[in-house]
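These protein sequence lines map, in sequence, to chains X and V.
Each residue of the first sequence is one higher than the last, beginning at 186 in this note's numbering.
Each residue of the second sequence is one higher than the last, beginning at 53 in this note's numbering.
No wet-lab data here; the hints were simulated from the structure.
Fair warning: this is a prediction, and the values are worked out from it, not measured in the lab.
Among the clues, some could well be false.
So the derived list for chain X, only partly shown, Cβ under 8 Å to chain V, looks like this [to be verified]:
no., residue
1, Y210
2, R228
3, L232
4, Y239
5, K240
6, Q242
7, A244
8, R248
9, L269
10, F276
11, P286
12, L287
For every residue, glycine included, the Cβ atom is placed at its ideal position computed from N, Cα and C.
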Amino acid sequence: AQTVTQSQPEMSVQEAETVTLSCTYDTSESDYYLFWYKQPPSRQMILVIRQEAYKQQNATENRFSVNFQKAAKSFSLKISDSQLGDAAMYFCAYRGEGNTPLVFGKGTRLSVIA
Amino acid sequence: DTGVSQDPRHKITKRGQNVTFRCDPISEHNRLYWYRQTLGQGPEFLTYFQNEAQLEKSRLLSDRFSAERPKGSFSTLEIQRTEQGDSAMYLCASSPGRGWGTEAFFGQGTRLTVV
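Please build the complete structure, drawing on both the sequences and the hints.
Shown next, in the form of structure tokens:
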């Protein structure tokens with residue numbers, strides 16, 4: 186069974202600075218998708234960024250980028266120019282082949298300090 | 053389209069009572085997922101549907117839990133004889149059937165408190 190591990194329960198960052206959230210996973214599949222989801226307090230979870238395993242190039246979405254290391258099974262999220270609105274729980278998630286259900290990590294709570 | 057809708061948003065019930073939650077997915081999304089999230093944890097998969105067919109159930113889904121999606125549109129999750137351990141946020145998500153890299157869109161969840 187696939188597992189996703191987020192080793193940082195909490196992180197904080199100063200406004201306008203950069204922060205990196207860590208995620209590792211375990212799988213025997215060769216092709217899969219990885220996702221970062223953001224869950225603001227009392228609001229629904231929304232997709233931040235996704236990465237397909239067989240694509241070498243790291244995904245980027247505006248201030249959000251990933252460092253995908255397939256051999257190391259590592260998938261970190263970098264948030265640049267942090268904003269107060271970035272404060273939320275961030276979940277790393279894995280999806281195997283065939284649109285199977287997402288497997289989530291336990292999350293990292295990010296605080297942004299003004 | 054207003055996204056994934058869940059009802060009710062909050063439910064307080066006494067131990068032993070039955071509760072039912074509803075999820076309305078984004079229209080034309082034929083995959084629908086139920087997750088449970090406890091405080092400080094990530095969502096845990098419960099079950100999912102493709103159209104009206106229930107394709108997979110987690111070991112977390114005890115006999116007291118049942119889910120339906122009768123016409124391939126909205127879904128209900130029922131918990132019978134609730135226990136205090138059932139207290140959690142119940143999340144629903146939907147996604148298009150095509151392409152397995154597509155994102156899942158989540159509702160705001162139903163928070164269940166069993167007293």
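Results of checking the hints against the structure:
1. Y210: violated, 12 Å
2. R228: holds, 7 Å
3. L232: Nearest chain V Cβ about 4 Å off; hint holds.
4. Y239: It is violated, given that the least Cβ distance between Y239 of chain X and chain V is near 11 Å, above 8 Å.
5. K240: violated, 10 Å
6. Q242: With Cβ-Cβ at 15 Å, over 8 Å, it is violated.
7. A244: Because about 11 Å separates A244 of chain X from the closest Cβ in chain V, which is outside the 8 Å limit, the hint is violated.
8. R248: violated, 19 Å
9. L269: Since chain V brings no Cβ nearer than about 21 Å to L269 of chain X, farther than 8 Å, the hint is violated.
10. F276: holds, 5 Å
11. P286: holds, 4 Å
12. L287: Hint on L287 of chain X: holds, closest Cβ of chain V at ~6 Å, below 8 Å.
Hints 1, 4, 5, 6, 7, 8, 9 from the list above are not met by this structure, while the remaining hints are.
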